[in-house]
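S.K.: Keeping the supplied structure of chain S fixed, place chain B upon it in accordance with the hints.
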Amino acid sequence: MSYPPKLSEIISLFESLPDPEKRDTLIVFAGNAGNQVPRSGERFDLEDVRKDEECTDTVGIFLRVNPDNSSHFRVSLGPQVQTLTKAMTSILCKGLEGVSPQELLDVPADFVPKIVGADLVRQRSQTVYYILTRMKSAARVWLNRQRAINAAASV
Amino acid sequence: MIDPNYAHPEALVTTEWVATHLNEPNSRLVESNEDILLYGTGHIPGAVHIDWRADLQDQTMRDYISPEAFAELCSRNGITKNTTVVFYGDKSNWWSCYALWAFCLFGHENVKIMDGGRDKWIAENRPLTREVPNYPRTEYPVPAKRLDDEIRAFFEQALKQSQEKKPLIDVRSPGEFKGEVTHMPEYPQEGVLRGGHIPGAKSFPWKRAANDDATFRSAEQLKAIYEREAGLDPNGETVVYCRIGERSSHTWFVLTYLLGHKKVRNYDGSWTEWGNRVRAPIEKG
Numbered sequence: 001m002s003y004p005p006k007l008s009e010i011i012s013l014f015e016s017l018p019d020p021e022k023r024d025t026l027i028v029f030a031g032n033a034g035n036q037v038p039r040s041g042e043r044f045d046l047e048d049v050r051k052d053e054e055c056t057d058t059v060g061i062f063l064r065v066n067p068d069n070s071s072h073f074r075v076s077l078g079p080q081v082q083t084l085t086k087a088m089t090s091i092l093c094k095g096l097e098g099v100s101p102q103e104l105l106d107v108p109a110d111f112v113p114k115i116v117g118a119d120l121v122r123q124r125s126q127t128v129y130y131i132l133t134r135m136k137s138a139a140r141v142w143l144n145r146q147r148a149i150n151a152a153a154s155v
Numbered sequence: 001m002i003d004p005n006y007a008h009p010e011a012l013v014t015t016e017w018v019a020t021h022l023n024e025p026n027s028r029l030v031e032s033n034e035d036i037l038l039y040g041t042g043h044i045p046g047a048v049h050i051d052w053r054a055d056l057q058d059q060t061m062r063d064y065i066s067p068e069a070f071a072e073l074c075s076r077n078g079i080t081k082n083t084t085v086v087f088y089g090d091k092s093n094w095w096s097c098y099a100l101w102a103f104c105l106f107g108h109e110n111v112k113i114m115d116g117g118r119d120k121w122i123a124e125n126r127p128l129t130r131e132v133p134n135y136p137r138t139e140y141p142v143p144a145k146r147l148d149d150e151i152r153a154f155f156e157q158a159l160k161q162s163q164e165k166k167p168l169i170d171v172r173s174p175g176e177f178k179g180e181v182t183h184m185p186e187y188p189q190e191g192v193l194r195g196g197h198i199p200g201a202k203s204f205p206w207k208r209a210a211n212d213d214a215t216f217r218s219a220e221q222l223k224a225i226y227e228r229e230a231g232l233d234p235n236g237e238t239v240v241y242c243r244i245g246e247r248s249s250h251t252w253f254v255l256t257y258l259l260g261h262k263k264v265r266n267y268d269g270s271w272t273e274w275g276n277r278v279r280a281p282i283e284k285g
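If you read the sequences in order, they're chains S and B.
Counting in our numbering, the final residue of the first sequence is number 155, and the numbers go up one at a time with none missing.
Counting in our numbering, the final residue of the second sequence is number 285, and the numbers go up one at a time with none missing.
Calculated from the structure, these hints are not laboratory results.
Every residue, glycine too, gets a C-beta built ideally from N, C-alpha and C.
Hints may be right or wrong, so weigh each one.
Below, in silico cross-link-like pairs of lysine-lysine (DSS-like), each with a Cα-Cα straight-line distance of 30 Å or less [unchecked claim]:
#1 Lys22/S with Lys94/S
#2 Lys178/B with Lys207/B
#3 Lys223/B with Lys166/B
#4 Lys51/S with Lys160/B
#5 Lys81/B with Lys178/B
#6 Lys202/B with Lys160/B
#7 Lys120/B with Lys51/S
#8 Lys207/B with Lys166/B
#9 Lys51/S with Lys284/B
#10 Lys160/B with Lys207/B
#11 Lys207/B with Lys51/S
#12 Lys202/B with Lys284/B
Residues from chain S shown here face chain B by an in silico Cβ test under 8 Å; the list is partial [to be verified]:
#13 Asp24
#14 Gln82
#15 Leu120
#16 Val121
This is chain B alone, in the form it adopts within the complex:
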């Protein structure tokens, strides 16, 4: 059951809801995973696959796709501007939150997360299929712009946030925050030259927002963590970051949709940009 005390409880759906709404004409189920090949091994019937690397990112420059490419992505997956897009995936919904955030970058408003993600669906012995659905093509309008200024932070903005001592939430593991490692446990230590965190950032690992079954914690539990313990103001400006922006998308979703904070931005350059940037200030410990 979805906690009705979330600021936007409509942004979360249960596995049960998905199971009973598989054939809704105006909704589209989207699977987004870290495991590149996982969708092909079996997925929820009717779900399309959106890959965070191949579909959402520019293949040359480190950036997201253009509004034109986003419109094409939606059109070929049978998504219209009014389609309710329900995201789910592996890894406690990291990548589905990332995909949702990317859809929000282009102003797509009807978005939801399936609470508990792929693992919960499978744990409940719900059906999977390898059949790839084929939906009639739509003509998704090219978004007027990408909402980079509204929900995304760049290096300069994260630096300003740090210098002005405004809230910066580092959602990586404690070891990454302290600078002992440059990647989360169980992952290769690659790609970043320096460890530590952005000066002034507070450590609130993403996992604190999730239960063991990958569902989100209750509204009251989340308020206790982010508002009382971290001291975040629902009307204040907050920047969240991790290593490449996926775990922080999870926290961005929590703050924006479950707690209703108004001005949360995801610094997707995150530590792979900050930790490699010449003379970027770093705190350790």
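With the rest of the complex left out, here is chain S:
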């Protein structure tokens, strides 16, 4: 299956880089993770803030689904979150911007090694997939809610 266009661009960028530059680029993305936090006045359809065992600090996932079914994510990260998690946050917020919740659920996770490299996946298997899993979880909850609303409306 193909990836959303913005994510494809990021994957292509990383695939073109040798390992040292791949790490440098991850660090650049990590530096932008602070820009993904919810802004003052923003409204969301779903907010899921929690501390899981899979991550070293609290992570908040904020999802808004627009009338055209496009989704918009914001993510808040606790101070102890690792650099790789920060990088994946930034990459996923950018790469998945505008996809529908169902499209997000359909995105295969096999792009992650293409971005971070097989070594980092092996060493940090939980970390590299964690944010994607949380975003998918939020999309799944939103879809289930919508189905319930639609079912109630059709009765």
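M.R.: Below, chain B alone, put in the same frame as chain S:
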């Protein structure tokens, strides 16, 4: 200030000392972290990066690098046999203690820890840089051997220590010791099939040796914990362990350098070996 009552106060340096000795020609600052990418986000000026996985461990077998690989690691980082290597890192210096212990495995004697580690340096608003230093290559002599027999314990030795009821110190969290979880809080429960501890081991979590700012507790406080409460004999044989050997490196450093215990060995196979080993005896609770 470093407590002068430590057995080897020279093995610890303050952030202030590091700040004023950044350009010492015969010393090398080494950052070792759990966070794989952290060094690249900024580090103390002049510090080189030594990664516990990529640089210190054999990439095929679960073991440390060979003496030849260690000599190459030091040579490419501009370290000579006489260089004073000052380690610091994240996570209350777990990984810097681990790297220090690994250097000791190869007989490198001039080693120090920056008390408080990376977090203290940053909390004091001291400078960081992303510039990676490039030191002239040295020719570090290949160590004659790895000191596995002196400061490292293997499964059989940890088992013997247990059977002979000699001191075994489990430095993991209380939940891991009791067998309620197989990894420290906030980390994934992965990689170990059984929970609990080595029979006879005493629970002394590594954190007891550290203050809230990641600096080490005073000599008197450490003696109270490890000698009076745990009953460790400075001249006796002690084995410390955790999950993969990093937290126990922290305690190994405390016992060996701060309290001057003579025969402390780090069981680096630790719980990921013991808890997976068929028929290894386990105590719970």
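S.K.: Identify every previously stated hint that the structure contradicts and give their numbers, smallest first.
M.R.: 4, 5 and 16
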